[in-house]
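There are 2 protein chains.
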Amino acid sequence: MKKLLFHAEDLKDFMVRFFTRLEVPPEDAEIAADVLLSADLRGIDSHGIIRLNTYYGSRLRQKLINPRSPIQVIHETATTLALDGGNGVGQVVSYHAMQRCIEKAKQAGVAMVTVRNSNHYGIAGYYAMMALPHDMIGISYTNSQPLVAPTYGRRALLGTNPIAVAAPAGKERPFVLDMATSIVPIGRITVFEKAGKPIPEGWGIDHTGQITTNPTAVLQGGALMPLGGSDLMRGYKGYGLAMLVDIFCGVLAGAAFASKVGNPHEAQGPANVGHFFAAIQIDCFRPIAEFKQDMDELIRELKESPKAFGQKRIYIAGEKEFETAERYAREGIPLLENVVTSLRQAGDEIGVAFHYTPLGSLEISE
Amino acid sequence: MKKLLFHAEDLKDFMVRFFTRLEVPPEDAEIAADVLLSADLRGIDSHGIIRLNTYYGSRLRQKLINPRSPIQVIHETATTLALDGGNGVGQVVSYHAMQRCIEKAKQAGVAMVTVRNSNHYGIAGYYAMMALPHDMIGISYTNSQPLVAPTYGRRALLGTNPIAVAAPAGKERPFVLDMATSIVPIGRITVFEKAGKPIPEGWGIDHTGQITTNPTAVLQGGALMPLGGSDLMRGYKGYGLAMLVDIFCGVLAGAAFASKVGNPHEAQGPANVGHFFAAIQIDCFRPIAEFKQDMDELIRELKESPKAFGQKRIYIAGEKEFETAERYAREGIPLLENVVTSLRQAGDEIGVAFHYTPLGSLEISE
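Keeping their order, the protein sequence lines are chains A and B.
Everything in the first sequence is counted per the numbering used here, starting at -19 for the first residue and increasing by one.
Everything in the second sequence is counted per the numbering used here, starting at -19 for the first residue and increasing by one.
If you are wondering where the hints come from, they were derived from the structure by calculation, not from laboratory data.
Among the hints, a few may not be true.
In this list, chains with the same sequence are indistinguishable; a pair is considered to hold if it fits within one copy or across any two.
[What the hints assert, rightly or not] Keeping only pairs whose Cα atoms sit at most 20 Å apart, straight-line, the calculated SDA-like set for lysine to any residue is: (1) K283 <-> L199; (2) K287 <-> P267; (3) K86 <-> A58; (4) K86 <-> T57; (5) K86 <-> E56; (6) K300 <-> D211.
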């Protein structure tokens, strides 16, 4: 297969034009495009431009997402804010929610914001990372459509409900944990199905609830397994984490939860996704310089520790993504040819030409 | 093997007398005993009375823990509190820290408290659950002595660093997630070693960093694996969670972190364990009645969903522990005979007789 390399700014330009054409206000289009681009830059391509039409464009055209993102305050205190996202663009709603969260934490030390009635918001880590320039710890959770079965169950009832937490360091790169609470996202299973390969044992179950290596059995009536996998490997902890995220994003926020969260591909009404954000001012606990110095020390101790047999390097959460982002910013973002074709088509359908010249191409094996 | 059943109040009485004898003030001895008893009641016996002498008594006698628990405020705002535990009894320090956290959250909506210079605090869930009667969500983390290797590493550098979150429900029992971020605690490995059985593949690594089924290889120079296990099963997420807990409890709190956290068995100086607590007033986000109703609905949807082949029941985090606690409160807490013998010895050494009559006994296979 071949991948074409595109300049990050070109992809962003396309996404801004695309969203704007679908009646998203220009400044909001800029935000939504930036969140999606950030996923592509960080190598999380499952949450990037590949979703532009399927998760957002098609729903905007069907009027299933409100392009104006009319956010409303439901309840506010000095430290908390409960928002209704007005069935707006998930990225736009979430960007504003996290920005308000950070402002409140500047005043109050810590702040938490819930959002109901929103949509798929892209990568959780983006919003957590917004706290970093303010010397804060940022937290971001979202629920999502049911894909994960509870331990001992067989029906997909919980989303891949990610947890993202970002903490600044000094000379080292920040810690950015951004993890689905399932073992793998559903897209990984699709990749194996397309390649005609069995999936590793433990990633998913079939419709009877038994672990299967057949990707089709997972996709058709089966479910993903929560982080940890089987009971023996303590998969109930991953299930507990997935439920925790649904408690914060669904129950606390007053959004949909469990089986009622809308699928961004298929839901015929509002998806009613819920989010949760928090920001913590570090120097309420400790001088920021001390915090950063100890973060550097913790990071170095882990990275410089002896490697397992056959391994060359120990990573910190987010480190690979920072390196990928630097490389892609320099060399271009690789997109599969068929992805480019579908972006071109999606653009043509609404009169937004994909008129960018690739910086180069790559032959890849998978 | 034989287990003897003891009345919960008898065990608590012994622990209160034990702590008091070691110069812990009576009201503090009551707290410490209650936390330990709560672990035994909930069936988390690795964190209960079995540790009375090894983790606490022996250190109190060696003056390695300050029985007066002289907590000091380092920095305080309306929403945050940074405490120094004065190298006191971990349970006492943590109980007061969480109580202050709840008081602050009552005023401010949300509150967070860090603690440095503390000791092993027992079960994380105890403090998270303190929020429940106040209609709050409670959060509790602690770091602990190094036992877990980072992904691709081979040296134990992170603790089993638990995460506990408790959220109230309406008619259903509360959600109480209380999970180590390793797959299993080190005590599980010891159980397999004593039984001469291999451990399941993935629980631990040997001194070269390779997965081993030999419990001795894990215990002697090896390490536990983080939740998820291998790279293929996304063990780096569990590693990320363990590091996250160390960032909150070690770095943010200004306590020891990574390899420097003292082992409650062996450390020859202050363990300098760190904790993190948070309390969230639910009705700042949503009326509590609505929250509880949706919690019940979420819990029921999960529990009533179809079971996997061969399974009869789906559990909610904390549910098994609540049931165990009800049963043990009724029938008595089972303790292995050799545990009773060592408690008796430990008591005799300081003049605190273990003069309780078992309610009965059990023959068990493991």
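*Which of the listed hints are not met by the structure?*
1, 2
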